[in-house]
Amino acid sequence: MRRDIVTAAIAIIVFTILLGVAYPLAMTGVSQVAFPGNANGQRLYVNGKPVGSKLIGQQFADPVRGANGKPKLDKNGNPVTNPDPRYFQPRPSATTPPDNASATTFSNLGPNSTATRDAIASNIQAYLQLEKPYTPGLTAGRVPVDAANSSASGVDPHISQANASIQAHRIASVRHLPLSTVMALISRYTDGRTLGFFGEPGVNVLELNLALSRQMGTH
Amino acid sequence: MTTQGWLQILLYVAVLVAITPLVGGYLARVYTGQPILLDHFLRGPERWLYRIFRVDPNRGQDWRAYARSLVVFSLAGWLVLYLILRTQDIHPFNPQNFHSATWDVTFNTASSFLTNTNWQYYGGETTLSYFSQMAGLTVQNFLSAGVGIVVAIALIRGITGRSERSLGNFWQDLVRTQLYVLGPLAIIGALVLVSQGAVQSVSHYLTVRGPTGLSQTIAVGPVASQEVIKELGTNGGGFFNTNSAMPFENPGGFSNFFEMLLVLAIPAGLTATYGRMVGSRRQGWAIFSAMAILFVVGVTVAYAAEAHGSPAQHAAGLHTSAFTGSTGGNLEGKEQRFGIPGSALFDTITTVTSAGAVNSAVESYTGLGGAVPFANLSASEVIFGGVGTGLYSMLLFVLLAVFIGGLMVGRTPEYLGKKIEAREIKLVSLGALITPLSALLATGLATSIKTGGRASPPISTPALIGKPQGFSETFYAYLSQANNNGSAFAGYSGYVQPSPGNIGAHGVTVPDLLGGFTMLFARYAPILFVLAIAGTLAGKKVSPAGLGTMRTDNPTFVVLLIGVILLVGALTFFPALLLGPIVQALTNHLY
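Protein sequences appear in the order of chains A and B. Count along the first sequence starting at 1, add 50, and that's the number in the working numbering. Count along the second sequence starting at 1, add 1082, and that's the number in the working numbering.
Please note: incorrect hints may appear among the correct ones.
[Claimed, not checked] Covered, in the sense of this in silico footprint (three residues per stretch, anywhere, with C-beta under 8 Å from a C-beta of chain A), are these stretches of chain B: (1) 1211-1225; (2) 1386-1400; (3) 1648-1659.
Rather than coming from a laboratory, the hints here were simulated on the basis of the structure. In this text, all values refer to a predicted model and were calculated from it rather than measured experimentally. Every residue, glycine too, gets a C-beta built ideally from N, C-alpha and C.
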């Protein structure tokens, strides 16, 4: 018994040093040298300033201003925003505020819950309100599921190609671009299946929006 | 459902079948001391570890000594982990200056990672310092996996043993597991994950300003090094709150596939190890087949159910069939890059094993899709199961099936030449029933007291109280913790975070403690029974197989084994399952 206690104490300390300090720090060192972009989160820059991560979804929205001209805040102290029609919009997010990449969460909405139906219906409503003026005839039944259902991470960087194609009409109209130009950009920033096989294709919203801004020469 | 989806699932199963003998063969060499390539590099460090641990690796331990070393080592691990988690204020590598969580949450977390459960009553990126994640959690990711594996190896030695005096040496098995198996695979795997886009950094969180001027803070951390062992050791505790859904943990289609392979590599491989160590590969394949059949049924049901969509989606007017450019299906709580097949497959894999990692929100699965993880857990984690735990739990069912088969043909049951007698069957029954019993008792207790179930303030969603979803959440919480799985219907919680991004969550004491004790009891009690069985089997004489000996390596036995597993699971859990997932699966009614 005594022997076991001494060995256990030594073993847990040695393993903590080896597996808990040496191993992760060595991996960090190697990764920072071998894959510096990936290891630091694939940051994207505009004019030398980081604007986001390629892998992390973000909001493209404008603060709503109150009567006094100051940005309105919600009860948590986060600014109230409206989607910016000049940009492709990401999937619904369950985090607070949406696309919070430092406190990720699921919606945890169940399959048979009225709360789920209401959340989906309100996402559909918001989508139709934004897109219908540019895509007449768009109905709830034609809204792609990724635009109506919140993502798992809350920071899904992708939208489906169908979703992007619908939004393209709005972008082309608001930005005065030919639809074909916008569609070409969409296919350029579509991350296909890895090795053409694994996973599902998705359009990277941040990369696409940055490319649009470059196209327009504005930031 | 799409052809592409089925192809991805098919390829996964094919690759799994292909790597099983490779992994299994390697493990057999490691635990029987046959020469391997890594000897040249690791023999020195191995000897050095024995010397500073002050152990003689050649000194065999009987089951009591083996169990004593294991329990003492676990106790030491628990204390160190608890201390690390409670001292965040003085940690190095704490760039966000997180304080420690309260004692009750920490009790739950320490018990959770020690027992290979990785149930999480906290959000990683809002609660834990990098030092806690590395020196606390990553370490137990390795060690708890090692403990599971060595118990399985000890049981195999018991079954093949010629003397009850030795099941091997716990310290030697543990050291060899870390040095020759988990360590090297983790190093390679971590780099593969980083190459796919997983982050690995100890810097401060990054704050950026997006194109419309909104600022966003992006959590990073030493993720890949923990992610790889989280999968490989069937641990499952995410670095981030949303686990493998978070792109920094699981950046794309290939990383998803790779992580799924890491999860099943060792649990599947151990069946082949078993076959080799008992001297008949067919015995290993028979066990593998029973596991694989149940697994394939599960993933088929889950994929079909999720591709169909949920009643709530249909009620909201959504069309859920797939069409060009849209995955369709129940995409609530699922990521675009994985789609339905990549989510359903991942979910099935991590609930048949004790991994419990998720890349999609289990709570948002349809009734039938969500019934698959429920069923997997109700089968006591024997469908591949956790590293080591899966094999030893399955062997309990094998012994049970041999016993039942023996009764049917009216002969004294024998397994691999060893007579299975009253003492073994008593231990087997206790070992096999403890986990379901803990799950049901804890669920019953939790639902009957105010703070235990979903109704507990201040995390209540009144809409769910007394509804199937609310019951499912509570039931799943204790089923998952008792099976040391760790996945969750995550609406059920044991901590409160006053505002998002806030530091210093505080716990809800009852679920924290009830869950913590459930995990500890349902982990260590079966381990002790398994080691006791190994001990008694080791001393038994081997009688040669005769004409009347029931074969345990043919399809008939596989069917019998599956039958026993389903029977025990169904008899134990059917009433409880009826109240939750089955109700939801049978109706389109919204609650």
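Verification of the hints:
| no. | hint | result |
| --- | --- | --- |
| 1 | 1211-1225 | holds (count 7) |
| 2 | 1386-1400 | holds (count 9) |
| 3 | 1648-1659 | violated (count 0) |
Going down the numbered hints, you'll see the structure goes against just number 3.
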